[in-house]
Structure formats: C-alpha cells, structure tokens
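Chains as they are written, first to last, in our numbering: chain A, 1 to 297; chain B, 1 to 406; chain C, 1 to 346.
For the record, the hints were derived by calculation from the structure and aren't laboratory data. From a predicted model like this one, the values you see are computed outputs, not experimental measurements. Treat the hints loosely; a few may be bogus.
No more than 27 Å apart at the CA atoms, straight line, and that leaves these computed lysine-lysine pairs for BS3-like [as the list claims (entries may be wrong)]:
{"#": "1", "chain 1": "A", "residue 1": "Lys267", "chain 2": "B", "residue 2": "Lys234"}
{"#": "2", "chain 1": "B", "residue 1": "Lys200", "chain 2": "B", "residue 2": "Lys173"}
{"#": "3", "chain 1": "A", "residue 1": "Lys267", "chain 2": "B", "residue 2": "Lys200"}
{"#": "4", "chain 1": "B", "residue 1": "Lys377", "chain 2": "B", "residue 2": "Lys200"}
{"#": "5", "chain 1": "B", "residue 1": "Lys261", "chain 2": "B", "residue 2": "Lys392"}
{"#": "6", "chain 1": "B", "residue 1": "Lys392", "chain 2": "B", "residue 2": "Lys305"}
What follows is a list of derived Cβ distance ranges for each label pair [to be verified]:
{"#": "7", "chain 1": "B", "residue 1": "Asp365", "chain 2": "C", "residue 2": "Pro178", "range": "51 to 59 Å"}
{"#": "8", "chain 1": "A", "residue 1": "Tyr168", "chain 2": "C", "residue 2": "Arg205", "range": "36 to 44 Å"}
{"#": "9", "chain 1": "B", "residue 1": "Asp309", "chain 2": "C", "residue 2": "Pro178", "range": "53 to 61 Å"}
{"#": "10", "chain 1": "C", "residue 1": "Trp144", "chain 2": "A", "residue 2": "Val244", "range": "33 to 41 Å"}
{"#": "11", "chain 1": "A", "residue 1": "Pro66", "chain 2": "C", "residue 2": "Leu315", "range": "18 to 26 Å"}
{"#": "12", "chain 1": "A", "residue 1": "Ala156", "chain 2": "B", "residue 2": "Asp309", "range": "53 to 61 Å"}
{"#": "13", "chain 1": "C", "residue 1": "Ile200", "chain 2": "A", "residue 2": "Ser94", "range": "20 to 28 Å"}
{"#": "14", "chain 1": "C", "residue 1": "Pro178", "chain 2": "A", "residue 2": "Ser94", "range": "41 to 49 Å"}
{"#": "15", "chain 1": "A", "residue 1": "Ala156", "chain 2": "C", "residue 2": "Ile185", "range": "54 to 62 Å"}
{"#": "16", "chain 1": "A", "residue 1": "Ala156", "chain 2": "B", "residue 2": "Gly319", "range": "53 to 61 Å"}
{"#": "17", "chain 1": "C", "residue 1": "Ile200", "chain 2": "B", "residue 2": "Thr189", "range": "40 to 48 Å"}
Glycine is no exception: its CB is placed at the ideal position from the N, C-alpha and C atoms.
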Amino acid sequence: MPLDFDWYELAEYAALGLLAGGLQALIALGFVLVYKGTGVINFAMGEFMMLGAYFFYTANVMWGIPALAALILSLLAVALVSALIEKAILRPLSGQPVISILMVTLGLASALGGGINAIWGGGHTYEMPALLPRTPLYLGDVFIPGQMIWSFLLAAAVILVFSLYFRYTATGVSMRAAASDPTTAYVLGVDVRATQRLTWMFAGVVGAVAGIIVAAITNLSPALGGVALGVLSVIILGGLDSIVGAIVAGLIIGLLESLTAGYLGGKVRDIVPYVIVLVILLIRPYGLFGTREIERL
Amino acid sequence: MRNTDHPVNIPRRRAMAAGLGAAALSALPFRVAMAESGDIVIGAAQPITGVFSFAGVGLNQGLGDYCNWRNEQGGVAGRRLRYISEDSVYKMDHEMAIFKKLMGEYKPPFFFGGSTGWAKVAAKEVEPLNTTLTSGVGFSSELADPALHPYHFIAAPTYVAMGGILLEYISSKASGSSKPSVAIVYSDTEFGRDPIPGIKARAEALQIPIVLEVVTKPGAVDVSSEVAKLRRAKPDYIIFHGYVLAPIPEFIKQMREAGMKAIPMGTIWSMDKTTVSSMGAAAEGWVGVMPYRYSYETDNAPMMKEMADYVSRTYPDQGYITLFNTHTWFAGMIFAEIAERCINADKALTGENMKQALESIENWDTGGIMGLPASLKSHQIPIGRIYEYDVKSELMRPISDWIETS
Amino acid sequence: MRIGDFRESYEHDEAIWPTRVQRGWLGLLVLLLLCFPFGVNGYVAGVACLLGIHIIAATGLNIMTGYTGLISLGHAAFMGVGCYTTAYLAQRGVPFILVLPLSGLMAGLLGVVVGLPSLRIKGLYLAVATLAAQFILVYVFREWSSVTGGVGGVTIPAARLMGFELRNDHSVYFLIMPVAILLLIAARNLFRTRVGRAFIAIRDRDISAEVLGINLLHYKLAAFAIGSFYAGVAGSLLGYFYRAITPEYFTLELSIFYLAAIIVGGLGSLLGTIFGAVFMTLLPELLRVSVSYATQWAPGATSVLSSMQQIVFGLLIIGFLVFEPHGLLEVWRRIRRFFHLWPFRA
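Chain A with its partners taken away, still in its complex shape (with noise of 0.2 Å):
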C-alpha cells in the first residue's frame, strides 16, 4: 500500500460497518430464535419490525404516551400478535414440509404488510421522534455518528440480556432443552408448545425493537420491511441456529458492507450480502457456527 494510504479513511469504514454490524446482528438474533424454537425461517421478520415501529409511532406520537410506555406497549403489542400467529397459523402446521412453512411465512408477510399499509396508508412516511441522541464521537479526523453508536449499544443491550436470559433462568433452559430435542424435554415435563410460542413471541419483540430502531435512524415507511432480507447473509454466515453466530457473522458483515460501500461505490454495497450467501453455502452450508443437520431415515 501506498505510503499516503488514508488509514484514517480506513478506520472510519470499520468503525462504521462494525456498529451496523450491531444492528443486523439484532435482527438476525429474531430469525435465529425463530429457527431455533421451530425450525422455520422466518420471512415475516421484516413485517414484524414494521408493526413494532408503527406500534410504537401510534402510541409515541399519534396518542401521545410518553416514550418509555409507548415502548414497552408497543411491545407488548407485537408479542401479543407473535403468539396469536403461532396459534393460529403456524401450530396447525406443525409437521408440514418445509416448503409449506416456508410460503406460510410468506404469505404472512404479505398478509401483514398489506394490513399495516391499510391501516397507516401504503403511500405515507412518517417521520419518527429523535429517540436515539445525536451527539457524534470525534476520533481525530473519524467522524461517528451519535446514532450508531447508541444503535449498538442498544442492540447489543438487547442481546445480552437474552443470552443471560436463556443461560440462567429456568424458562430459557428449557427453550433451549425443547428446541434441542422435543421428545425428551416433554418427558421431563418442559411445556414444549408453550416455549415454541414464547420463543415466537420473543422473536416478534426483538423485531419490534429493531425496527424502532431502525425508524429512527431513518423513519417510518413500508420500506422498512426490506431491511430484514439484507440479514438473511447474516444468519447464513453465522449458522441459522446460533447466537453467537449472528453476533460474529453480523459484525462481519457489517464490516464488509460497510468497506465495499467506501471503496467499491453504493451499487456493489447491495449485492455483497447475496453473493457472500451463495459463497457460504457453496463451502460451509451449516455457517460458522450452525450445527450441522445429520438426516436420518
């Protein structure tokens, strides 16, 4: 390299890609709990996010709850309609191929978007309160954005607290014991349909917070649901089933996006995620840290 090589420039990037890694590891940690509980991808995510963030502007801006009620509301709300979801559409499915689960979850997506699109109006972006402060972090000549740094900090907030949550309390243990291996959890009298929809309803809040987030740093349209497919390299990196993997591989990602977007331009930006899926299932189906599925007949 170049002696005059803008190291600086370079930091910057990393820096960068790394908080948004953050982000996307948040919302990769909702499609690993889906995953995880009921084997699912779930394609819906994005919709989720929306409804969370429309939730919350509703009760933030539209009735005027102060912001930490609205939150917790908001999410109360998701989780409410997450297990109404898993009731009514996906426990009948139970058993069904993967192809049918696959298209429910897509149909749902499409089912939701257009209901939060009746409601809010399809065409309407509304612009949400400044939640997240704004105060930017200088570093000699980086520049950091105050938003992305509290992003971070909120999202890995986030994920802590549930990896505490399913390490230590009795009902994380047994999530994790009734989605490792269903048959033995309920001979031990773990309540495994009720955990499939409490990781649901879990998965439905992580969205939420994510897309409140999200429509912060930007603000609230439909557009917001396309955010979630952009993750899908995330999980596949990481291993559908690990958090630790979303963690890792979103902070990978992040991190590439983030430098292919300063040296290669905006357009590669897109594509870097789709292309590193394929590269992945080509050498490392099961990711970095997935296990590895072993079929028997």
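Got chain A; can you put chains B and C on it based on the hints?
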C-alpha cells in the same frame, strides 16, 4: 406432500364453489357504456394506492379537476372533456391492463400513465394504432425523444434538464474563475440512474467539477459510510436525485453534524412542500429545482389562481395543493391545447395530427404555471426555477429567475 | 357416468385421456381455445396471453418444487434470463421459432448453475440459495448494459410468422397458446417416464432414492434445468407480448407470486398448476371490480385497494395452506368425485 385426510365439509365446499363461481363470473369484461360521441376522453392509470399513493392521489385529482374546470369554461371548442381513471397500484401489469381496457372501450385520444416501463410498452401499442398521445410521470430523457417515442410527451423537464437547470444555477454562483464543486447522490433505480450521464456531460460543458458520485439503495438505512466519503470529497453542492424522501434527511443531518457546509439540492419529486416539511430540522437550507410555481404563488399567475380557486371551491378543506396536482392540471392543459389546435384546424384527432399539434406549441403562455413561455417541440419543457425552503414560514421560496435550458 | 377403472392394456393404462368422453371434452376445449380470441376485445385477449405465460412459468416451477421438492425463490430471474436472451436474439433477426427454445436453453443452463449447490444443501438452504441467485441475476440485468440495456430495459421486435408481424394481443395469443399446450403435454409426458418418476422419488425421500440407484445430482440438476427452461420460454413469450421490458419486472415478488400460484392450485399436479395460475391472475381483476362496487356503499374503499390485494394474497396463501394444503385441485377432485358417484352418494 403428506397425505392428511380432510373430512368432507359440505358448508366449506359450497362456500368455495360459490366463491369460485363468483370469481369466474367477475372475470368477464364489464361492458361500460360507450363514451358519448363528441366527448374527448382522457384515460389514466394512476397509482392511487400503493407505494406512490402520496403522489397518485394528487395526480388523479389534478387531471380530473382540470377536465371539470375546462368543461365549466365551455370545454374544448364546444366539446366536453371526459376523464376516466383507474387505480394502477404502480405495477406495470396493472397499468397495461387498465391501458388496454380503456383503449379497447373508449379509444381515448389522450392517456396519462405511470412508470417509464409502462410508457415504453404503451408506446409499442400506441404507434400502430395512431389514435392516442400519451404522457406520464416518468421523466426519463429517453421518453422525450421524438424519434423513439413519437406519441409521448412529458409535461415537465426531463431529469437531465432538471439537473441542467441546477447546474446552471450553480454555475451562476461561481465567484472568481473557479466553479463550485458538486457531488451527486443518487438511488440505484431506473429513476435515479437515468439522468446521471447527461448531468455529468452538462457539468463538464459548464466546467463544474463533479468530485464524487454516491449510489445508494432507494430506502437505505445506514448511510454513514457514504457521508464519510462525502466529507472527504468536500463538495460545495450536493445534488440528490432518485429519492422522494429517505434517506435524504439522514444524509443532511449527518453532514451537518460532521460540520459540512455543502448545500443540498433536489429534483422535482423531493420538492413538494409536505415532503420537505417532513424532513424536520434537516429541511433548513434545502434547495431544489421546480418547473412550476407552487399553488400559493398566485401573483401574476392567472392560471395558478384559477386552479387554486377551483380547488378551494370544490374541496374547501384541502388547503395546500401538491405539485402532483399541478403537474396533471398542466398536462390536462396541454392535452386540451392539442385538441383545440386540431379541432380549429379541422383535423381529426389522430396520432399523427396530434403529434404535429403538440410540436407546434411554441412560446405558449402557460398562464403562470411556468414562468417562461413553453415550447413542446422536443416533447418536454426544460424550464424551471430554484426554490429554497424557508423554515419559519414552512414554504418554498424562489431564489432564482426562471431558467430555460435545453 | 363412469364407475371405476377398467383398463385392458398397458397403453390404455398409461394414456393421459383414456376414454372417448374425455377426448371429446378435450377436442371441445381445443376448439374453444382456437376460437376464443375472435369474439373478445383486446383487453381480454391480453389477459389470456398473460395467463398462458403464467401457466408455462408455473408449470416449470411445479416441476421443480411440486414434483421434485426443490424450493426455488428465483423463478422470476430465470424468466428474465429468457426475456433478455429473446431481446438479444430477436434484435439480431433470429426468427422466433429458434429464439423460443434458445431462450429456454439459456435459462436452463443458468438453472443448472444455480442448482449446483443442491448436492450439498437442500430444503430451506436451497431456497435461500435461489433467493440469492434471484438478487444477483437482477443485479446483472441492471448492470450489464451492453447486453441488457441496463436499468432502461430492452425492446423486442415483434415476432414474425410468414412475413406477418404479431403486433397485437390477438395475434400473439396464437403464438402463446400452442406453446403452452405443447409444454403442458411435454410436462405430462415427463411424468410417465423414468426421469419424472425419479423426480417424484427425490421429493418423497431423496436418500432412499439414492439407495435405489437414482443419481441425485444428475436428476436434481435435470429438474432445475427443465424448470428453468420453462421459465425461460415463459420469459421469452413475455418479451414478445410486451415488446419492451425493464429489469424491474422480474422481482422477488413475482417469484413469490408463482410459488403462491402452485400452492393455491396444488403442488405436484399439472391441472393444479393451471387452476392456480388462472386463479392468481384473475384475482387482482376480481378485487378491483369488487372494490369499485364497494365504493358505492363505502366511499373510502378505493384507498385500500392495494393493501387489499396484499392482504387477500397473504390470507389466501395462509388459508390454503392451513385448510386445504392440496389446493384447488383437491376442490376440483371432490367435485368430480361427487359427479362420478352421483346419485349414489351425496
């Protein structure tokens, strides 16, 4: 698929049979009454719902309003205008289906449609028919090419022309011998990418340096890396194109936090007052090119006043009239002008005659909608003015004269 | 009234339309299809053309997903490949009789490439791989301007039949309909051969199929190739129909549309494909008509049209999967059974 047995459920079966029967019946074309002879039909496929509904509602209203207003004034050479529109949800398949349906039933001499994709496919249909002129909300320069799309026109400047107007304004702001530097931020869509080569060529002709080109996804969330690049390029002006709102506010906010003094500029779709107001704090200093006056600028603009009066009469609660209304009102004016010229010259409303009438519109007084007399020889009108957003009054105010480019 | 099956020879058993009554109905159908465009206006002819294109594409997807169990979320991209190949060849004067199979072949080849991972991955992972392929292919469509015209898209010269240009929907119909019938019969025949049965075996239990001697990679790639071939031909016909196309047509949404069509119609069945394609194509029209009627009682109804379409689409998929997983085909079969056994059983 696993073979799960479902019990025969008679009510369910009947319901499904009834539903399927209804679906089959409803698929048959509904013959609507044919247009009265003598009426000039204007057909339209507008995105009244869907992602473009913020524009589509206004687009739909504007054209319908103009037709009603014109009929109140006696119509076009005694003939009434009749406006028939349907919701296209901004999907090309729907736009084409509506187009074919309306063409089949009414053979309208004028049709207003949506995306650039639709305009190109419609051009293929319209050419052999020789009955219709089309216009739409896609302002790509390709559509205004009389050789490629002879029966299509744009009731506004093309995106390249808009960029040209911005550049001429920037050029006029030069102090000394060097010109201000410009960065272009655009979205990776057909809308965003279309004018970029044209804009770069014009910048070169005006000797304005383009220091950076940034491409983003249309609804990008994380723009921090792009802002980092912009910071290093240090442009004086930044032209945003290909977006309606997002991610412009985030760009501007981060730029301001990073201490950048560059002036952000936009093209027509980012210039509606409601859009700009929703940028919040970032709207301060927002500049852009608008081909029309705003609806509240009725001084020395008799047609603007007529439109504003009509709207306040018919929709007393409306208040601000969006630029989408203005655009289709204006398109309606052009349709009516073409029809009038043909009828007065005793020519039938065929595609060829209407095209000639269209191209004969030169030095045409638009009644104040545009600040200079318009000419449609090149199937577009490259006139515009630079406006700036005034945070206190929440209105867009003109900061330049009317500029006509090529 | 036909009671039971009574086959006397192998040919009779394998025939698609064994009885004379069935062949009679078939002849009537063919006659109807031939005479259909003469009595209708351009709009209905256009819908019929689009229907034909959707049926071909959905058949290809059903071969891949319904019969072989390989989920593909990238079907629209293969249509795009076919369409752009058509544009490229037709602009250079190649007659449509060559362009159609060549476009299909191009799509089929790309299908093989995309299907290569299917040796290592299956099910959900394969679906994600096809999703990635969908985005990458669309990216290529937008960037490779020299061949695909970039974001501006391409124009396709009209098909020429004996010096006659097929310029309006009525004439293009006579290009699309025979191709659709031909491809449907080909698909039906495919599943009377060894290859077709291998596909079904792979879907049911691929490891057991391998034990039985079916070369998994070989047949999986064949499934991808054939399914993509159909998509390519459908895309080619789309090109001749619209005669101008932009890359924004071939979205993930379109891929999901086809998946929905085969699920609603019935996976693993050609008749189901036809039902599904017809239903999904006519659904937006039906919705639009009903919404415009509903505005008489509820004036705000039009503002929810697009959301209604999304909601109904989603609810349909969910509804069929939960209540009628075998799709419209099962409904049809029940109706047929009823009439076969009438008046002995209600």
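| task | With a cut-off of 27 Å on the C-alpha distance, tell me whether Lys392/B and Lys305/B pass. | result | Answer holds: Lys392/B to Lys305/B is near 24 Å, not above 27 Å.
| task | Could you tell me whether the CB distance from Ala156/A to Gly319/B stays inside 53 to 61 Å? | result | 46 Å, violated
| query | Range hint 51 to 59 Å: satisfied by the CB atoms of Asp365/B and Pro178/C? | reply | The hint (51 to 59 Å, Cβ to Cβ) holds, given that Asp365/B and Pro178/C are roughly 57 Å apart.
| Per the hint of 53 to 61 Å, is the separation of the Cβ atoms of Asp309/B and Pro178/C within bounds? | 59 Å, holds
| query | Does Lys173/B lie within 27 Å of Lys200/B when you go C-alpha to C-alpha? | reply | 18 Å, holds
| Holds or violated: Lys267/A with Lys234/B, Cα cutoff 27 Å? | Roughly 22 Å separates the two Cα atoms, so the pair holds.
| For the pair Ile200/C and Ser94/A, does the Cβ-Cβ distance stay inside 20 to 28 Å? | 25 Å, holds
| Is it true that the C-beta distance of Ala156/A to Ile185/C lies inside 54 to 62 Å, as the hint says? | 60 Å, holds
| query | Do the Cβ positions of Ala156/A and Asp309/B conform to the proposed distance bound of 53 to 61 Å? | reply | Since the Cβ atoms of Ala156/A and Asp309/B sit about 58 Å apart, the hinted range of 53 to 61 Å holds.
| field | Satisfaction of hint between Lys392/B and Lys261/B, Cα-Cα up to 27 Å | value | Measuring from Cα to Cα gives roughly 21 Å; hence the hint holds.
| field | Distance restraint evaluation - Pro66/A, Leu315/C, Cβ atoms, bounds 18 to 26 Å | value | 36 Å, violated
| message | Just to be careful, I want the Cα atoms of Lys377/B and Lys200/B compared with a cutoff of 27 Å; is the pair within it? | response | 24 Å, holds
Going down the numbered hints, you'll see the structure goes against 11, 16, while the others check out.
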